[in-house]
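Participant: Heads up, the final residue of the sequence shown is numbered 527 in UniProt numbering, and it's a clean run with no missing numbers.
Any given hint might turn out to be false.
[To be verified] Ranges of calculated distance between the beta carbons of each label pair, as one might list FRET restraints:
# : residue 1 : residue 2 : range
1 : L251      : S343      : 47 to 57 Å
2 : L196      : D351      : 21 to 31 Å
3 : F140      : P483      : 31 to 41 Å
4 : R110      : D351      : 42 to 52 Å
5 : G243      : E203      : 32 to 42 Å
6 : K372      : L251      : 18 to 28 Å
7 : G446      : L196      : 25 to 35 Å
8 : E453      : D350      : 25 to 35 Å
9 : G163      : D228      : 53 to 63 Å
I should point out that these hints are in silico values taken from the structure, not numbers from a laboratory. Computed from a predicted structure; not experimentally measured. Built from N, CA and C at the ideal position, the CB exists for glycine as well.
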Amino acid sequence: MEQQESGTSRRAFLERLGAVGGTAMVMAAMDAWHVPTASAATAPPALTGAGKGKTIVILGAGHAGQVAAFELNKLGYRCIVLEARGFAGGRVQTARRGFTATELGGETQRCDFDPGEYLNIGPWRIPFHHRSTLHYTKQFGVPLETMVNDNDAAWMQHNDGSGALKGKRVRQYEVKTDLRGRVNELIAKAATSGQLDQQVRAEDRELFLDYLASSGRLKKDLAYRGSDLRGYVKPPGAGDQPGTIDDPYGLSDLLQSHLWRDFQVGEYTHPLTMFQPVGGMDQIAKAFEKRNAPMLRFNCEVQQIRQTDKAVTVNYVDTKTGKTASVTGDFCLCTIPLSVLRSIDTPFSDDFRAAMDDATYVPVGKIGLQMKRRFWEEDDGIYGGHVKLDHPAIRQISLPSNNFQGQKGTLLGAYLLFDGATEVSAMSLKERIDYALAAGEAVFPGSYRANFERGFSWFWHLAKYNLGGWANWTAEARKDSYPKLLNADGRIYLAGEHLSYLGGWQAGAIESAWQQIEKIHQRAQQA
Numbered sequence: 001m002e003q004q005e006s007g008t009s010r011r012a013f014l015e016r017l018g019a020v021g022g023t024a025m026v027m028a029a030m031d032a033w034h035v036p037t038a039s040a041a042t043a044p045p046a047l048t049g050a051g052k053g054k055t056i057v058i059l060g061a062g063h064a065g066q067v068a069a070f071e072l073n074k075l076g077y078r079c080i081v082l083e084a085r086g087f088a089g090g091r092v093q094t095a096r097r098g099f100t101a102t103e104l105g106g107e108t109q110r111c112d113f114d115p116g117e118y119l120n121i122g123p124w125r126i127p128f129h130h131r132s133t134l135h136y137t138k139q140f141g142v143p144l145e146t147m148v149n150d151n152d153a154a155w156m157q158h159n160d161g162s163g164a165l166k167g168k169r170v171r172q173y174e175v176k177t178d179l180r181g182r183v184n185e186l187i188a189k190a191a192t193s194g195q196l197d198q199q200v201r202a203e204d205r206e207l208f209l210d211y212l213a214s215s216g217r218l219k220k221d222l223a224y225r226g227s228d229l230r231g232y233v234k235p236p237g238a239g240d241q242p243g244t245i246d247d248p249y250g251l252s253d254l255l256q257s258h259l260w261r262d263f264q265v266g267e268y269t270h271p272l273t274m275f276q277p278v279g280g281m282d283q284i285a286k287a288f289e290k291r292n293a294p295m296l297r298f299n300c301e302v303q304q305i306r307q308t309d310k311a312v313t314v315n316y317v318d319t320k321t322g323k324t325a326s327v328t329g330d331f332c333l334c335t336i337p338l339s340v341l342r343s344i345d346t347p348f349s350d351d352f353r354a355a356m357d358d359a360t361y362v363p364v365g366k367i368g369l370q371m372k373r374r375f376w377e378e379d380d381g382i383y384g385g386h387v388k389l390d391h392p393a394i395r396q397i398s399l400p401s402n403n404f405q406g407q408k409g410t411l412l413g414a415y416l417l418f419d420g421a422t423e424v425s426a427m428s429l430k431e432r433i434d435y436a437l438a439a440g441e442a443v444f445p446g447s448y449r450a451n452f453e454r455g456f457s458w459f460w461h462l463a464k465y466n467l468g469g470w471a472n473w474t475a476e477a478r479k480d481s482y483p484k485l486l487n488a489d490g491r492i493y494l495a496g497e498h499l500s501y502l503g504g505w506q507a508g509a510i511e512s513a514w515q516q517i518e519k520i521h522q523r524a525q526q527a
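Can you make the complete structure from the sequences, with help from the hints?
Facilitator: See the structure below:
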């Protein structure tokens, strides 16, 4: 489940977070946002030898568990995958018509979106550099489509600033173009007056000025007076319609508006365009499930793990029948989130258990809103991307990147983290929807509520088998505790996004599994 992109005002968000949760929570958030999110591996390890005669018990049928089963089975291992839910995928879930989910406390939701409409309640996008995830989408033939992760035509609106732009709905390209032009003008004037002579070599000066003038659309006198890049009062057209460029915003108004805090500028970690599976992210999980079906046992809730120097036994209960059973293997690969695993009766050493306790899990939630008309496309010409807000909890509204120019569409009306997720998850189901609608109505007045048909909300800290969106490690815990969990405790190995530097991403779970199955295989070959 990917983290909210850095364009959503890291500093402002962390300042709010610190006020609510203190330094420890801020450090955890910074760790989540600062991880290098490019895959370190592009394919599973090339393993030789055979696992015939060896049994691996795998706990959890999320991506880490399914990857491990798929790859180990190819080597001849007998894999048994115990999954507490009635389906595979872990957090890789898509809510569509007929999908049900029960929160802690017993409240069950049933999604009633129209056929073809859906909400990825877990992971929702794949960057081009997550080669491990793309390895399996290609191998399994899971069709992908472009996900518009940033759209300068989308609206942005802030009420926390001051000046002429406070509370005004503006296009992102207007603010970006004007701010770049105003700043480039200041730098160009400083360069021509000799104030940058120590920083810019004489032979580079003209090239530097050319760059500033080109990127900032400056005039010959190096002044910024607006540009066609920031839009028109009257658009150009056929015949005698050259178009009229809108007047640019002043530098003070731009700065005082705080809108610049929400910029995303084509960064590496969250590219402007990403990928999504056609029909929902769970298509990847379903592709694994199809191939791993003989190894999967659903509705098996792990109650206890025991091990000797030769084997691991897992005791579980069938949540449908209430009957208990056990399974024994040579090794166990546990992909259960640490937030859940630490409450299970396990034989871990004190050091191992203490290391597990040092991982915190982020409260995360999403609210999907089905609209009967794609007013953002029809009225405003916005196709995909994110509307940027300074709402206390809802920092963006994400527009669908599928079925462009269709009749209906489902928005990600809220992607909630930390204190915002905790606050909204305490509301009733109806109150959550109303909360999201109020935020959107402020940006799309007269259209948002009028076109709303139905919604669905889900919070991962209220999911019994997750208790949080993804794992966070403080810098100290990443240094001291995290490495301890990369090694086996007896015959039990751990895997999942929590044991990667790709926290919250599918690639983290996949590559963690790759790493651990290589260790298991090497050890099994030596036995």
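Participant: A separate judgement is required for each hint: does it hold in the structure or not?
Facilitator: These are the hints, each one checked on the structure:
| no. | hint | verdict |
| --- | --- | --- |
| 1 | L251 - S343: 47 to 57 Å | holds (55 Å) |
| 2 | L196 - D351: 21 to 31 Å | violated (55 Å) |
| 3 | F140 - P483: 31 to 41 Å | holds (33 Å) |
| 4 | R110 - D351: 42 to 52 Å | holds (44 Å) |
| 5 | G243 - E203: 32 to 42 Å | holds (39 Å) |
| 6 | K372 - L251: 18 to 28 Å | violated (42 Å) |
| 7 | G446 - L196: 25 to 35 Å | violated (49 Å) |
| 8 | E453 - D350: 25 to 35 Å | violated (54 Å) |
| 9 | G163 - D228: 53 to 63 Å | violated (25 Å) |
Hint check: violations occur at hints 2, 6, 7, 8 and 9; the rest are consistent with the structure.
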